[in-house]
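Student: Residue strings, one per chain:
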Amino acid sequence: MRSRLRLGFRRHYGASPLHLAAHLVGFAIIALPLDRIFSGGGGVTELLLWYLGLVIVHDLAFVPAYTGLDRLFRATSARLPLTTRTGPPAINHVRAPVVTSVLLFIIYFPLISGQSDGTYFAMSGHHLTHYLRNWLLITAVLFLGSGLIYAARVLRARARSAR
Amino acid sequence: MSVTESPNLDPTVIEPADRPSGEQPSQRAKRPSATPFRPELWRSPVRGPWLTSFLGTLLVPAITVIALTGFIDHWAWYPELQGSGTFGPALFHFPASWPSWSYAVTQGTHVTLGLMVLPLILAKLWSVMPKLFQRPVVRNAAGAVERISLAALVASVLVEFATGVLLAEDYPSTFNFDTVHYYGAWVFGTLFVLHAFIKLPVMRRAYRERGVLKPLMQGVAQTEPEPPDDGGLAPISPTTPTISRRGLLAMVGGASLTIFAVQAGESIGGPFRKLALLAPRGRVFGTGPNDFPVTHTAASAEITSAMTGADWRLTVVGARTISFSRQQLLAMSQSTRTLTITCTDGWSTTQRWTGVRLAELARLVNAPEGATLRAISLEAPEAGGVQASFPPSLYTDHRSLLALRVNGVDISLDHGYPARVIVPNVPGTLNTKWVSELRFEVT
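Quick note, the sequences are listed as chains A and B, same order. For the first sequence, the positions run 758 to 920 when the numbering used here is used. For the second sequence, the positions run 15 to 457 when the numbering used here is used.
If you're looking for bench data, these hints aren't it; they were derived computationally from the structure. Hints should not be assumed to be uniformly reliable.
Stretch by stretch, here's where chain A covers chain B in the computed footprint (C-beta under 8 Å, at least three residues) [what the hints assert, rightly or not]: (1) 163–177; (2) 191–203; (3) 301–314.
Between beta-carbon pairs, the in silico distance windows are [said to hold, decoys possible]: (4) Asp792/A with Leu271/B: 36 to 44 Å; (5) Ala822/A with Ala313/B: 37 to 45 Å; (6) Gly225/B with Arg910/A: 23 to 31 Å; (7) Arg149/B with Pro774/A: 25 to 33 Å; (8) Arg219/B with Pro774/A: 14 to 22 Å.
From the three backbone atoms N, C-alpha and C, an ideal C-beta is built for every residue, glycine too.
All chains, please: the whole structure from these sequences, using the hints.
Tutor: This is the structure:
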């Protein structure tokens with residue numbers, strides 16, 4: 758009898774009763790903090806724009822953009838005689854510094870772009886002058902480091918195949 | 015992070031490996047549109063339940079530490095935030111026996127790890143992207159419920175991260191970042207626990223079938239795609255791998271370590287500060303005794319030299335009221351302590367402070383038993399002045415000072431001249447600068 762009830766529930770709902778119970782508990786817990794956010798966090802429209810906007814930007818702009826760039830890069834680099842058939846794949850030695858550099862740009866965007874300058878000056882007494890330069894410098898170091906590691910791997914692979 | 019799909023518009027190759035029976039190949043070939051709704055077009059050979067489970071497993075301890083250190087920060091700092099009593103203790107204090115850099119550790123961990131987790135979060139989202147475009151969009155009621163909770167989970171983690179970054183980097187407020195970050199943590203935390211609970215069977219199955227660490231043994235050449243799964247994560251028609259799973263994780267880890275390298279110095283301080291090339295308080299501007307970072311300058315607080323000149327007096331109110339000139343304070347018994355100031359932005363600085371013990375001032379004015387100390391600044395509340403309150407356990411701590419000098423010289427105007435409060439393990443903003451009045455009151 759109990760198992761039939763359960764089967765019936767599963768057929769109609771699509772998962773176990775625990776699935777529904779856990780979600781109901783979860784939704785109940787977040788109701789109060791959600792209310793606090795939208796009553797005291799700022800304009801409702803602005804907050805909704807942030808919540809929806811970030812998801813849309815991530816899912817429909819950021820991911821397609823980096824996926825597309827990666828495809829484009831692979832399509833072009835395949836036509837160039839860059840990668841040897843035997844050596845380690847070069848592509849990841851390009852991906853790694855690009856990924857790291859882009860993430861640093863995202864994380865430190867308020868400083869690199871200078872958007873925080875006014876507030877930053879009031880807080881610290883200094884202007885945001887070094888951040889763009891430092892980011893470019895770090896990016897160059899990342900590419901250099903990745904290239905050196907790649908060179909070392911190629912040399913090692915050659916030494917191994919020569920033996 | 016990295017991606018291994020490739021465009022494949024050739025209709026003869028996009029056949030799904032597990033074509034539903036009854037469907038003719040010719041029917042498929044008629045619509046070779048490259049929309050993300052076609053599961054065959056999600057072709058990365060490293061995607062699958064194991065990868066997603068592994069990334070999720072790494073996120074659990076990271077999120078737990080970030081959440082706990084974040085709550086400590088909030089409870090120590092902001093008890094007056096609207097209604098936060100519902101969500102935790104009204105005020106949290108580190109025990110007096112703990113070293114004065116304890117709060118620097120928890121707060122530095124919160125901010126640094128919070129930034130370091132971004133590569134992992136984005137990799138996790140990348141690994142589940144095919145689910146977003148799954149068709150039918152909603153299979154049944156359970157699917158609808160899960161979609162809602164997942165949408166809220168993704169939105170809340172992105173906003174949580176964004177508000178954290180904006181708070182730490184002095185971004186001009188357009189809405190209440192604090193409120194949204196704090197209550198957002200409850201929303202995200204709850205949905206995160208719920209998601210981990212719901213996905214536990216999927217994770218256990220992935221680890222049972224593939225082994226917990228076994229997929230990490232494979233290099234690029236040996237990387238085998240996971241077989242197509244019910245969840246639609248593994249590719250139906252995978253491409254040749256260009257990266258191994260461990261290569262992907264190395265990329266995530268490398269990015270996190272780079273973030274650590276350019277950030278952590280602002281919390282560790284000392285010679286490491288200069289290494290924090292992108293952190294907001296990673297710069298050193300001189301070698302003088304007052305050349306450590308400032309949060310909130312005298313100019314922005316509208317403090318003028320006239321207010322802090324010879325006419326300045328400190329009024330201390332207890333059972334009786336005494337007014338002190340700076341000379342009188344300097345003539346009292348001085349105490350020198352090496353204490354750490356930690357800003358809620360995550361940065362810290364450890365300096366050698368000299369001044370009068372707060373406990374001594376309490377004794378001089380016969381502070382009532384159990385009185386709370388309220389520190390009042392010359393800074394007008396409209397300019398951002400904070401009225402800090404300290405319970406007896408904090409102001410009777412022998413390390414708690416009304417500091418007059420730092421590193422052997424008078425503290426500079428930007429650091430709070432003529433006098434500032436220094437209490438160990440409280441948020442930096444409570445270490446009131448330009449103090450004009452100390453009130454020991456029973457509330």
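Student: With reference to the structure, classify each hint as holding or not holding.
Tutor: Status of the hints after comparison with the structure:
Using a Cβ-Cβ cut-off of 8 Å, 9 residues of the segment 163–177 of chain B lie near chain A, which meets the minimum of three, so the contact claim holds. A stretch counts as covered by a chain when three or more of its residues have a beta carbon under 8 Å from one of that chain; for the segment 191–203 of chain B and chain A the count is 6, and the coverage holds. With 7 residues having a Cβ less than 8 Å from any Cβ of chain A, the segment 301–314 of chain B passes the three-residue criterion, so the hint holds. Between Asp792/A and Leu271/B the CB atoms are about 39 Å apart, so this pair conforms to the stated range of 36 to 44 Å.
Under the hint 37 to 45 Å, the C-beta atoms of Ala822/A and Ala313/B, about 42 Å apart, fit the expected range. Hint check: Gly225/B to Arg910/A, Cβ distance near 27 Å, so the stated range 23 to 31 Å holds. Between Arg149/B and Pro774/A the Cβ separation comes to about 27 Å, which falls inside the hinted range of 25 to 33 Å. Arg219/B and Pro774/A have their C-beta atoms about 21 Å apart, which keeps the hinted 14 to 22 Å range intact.
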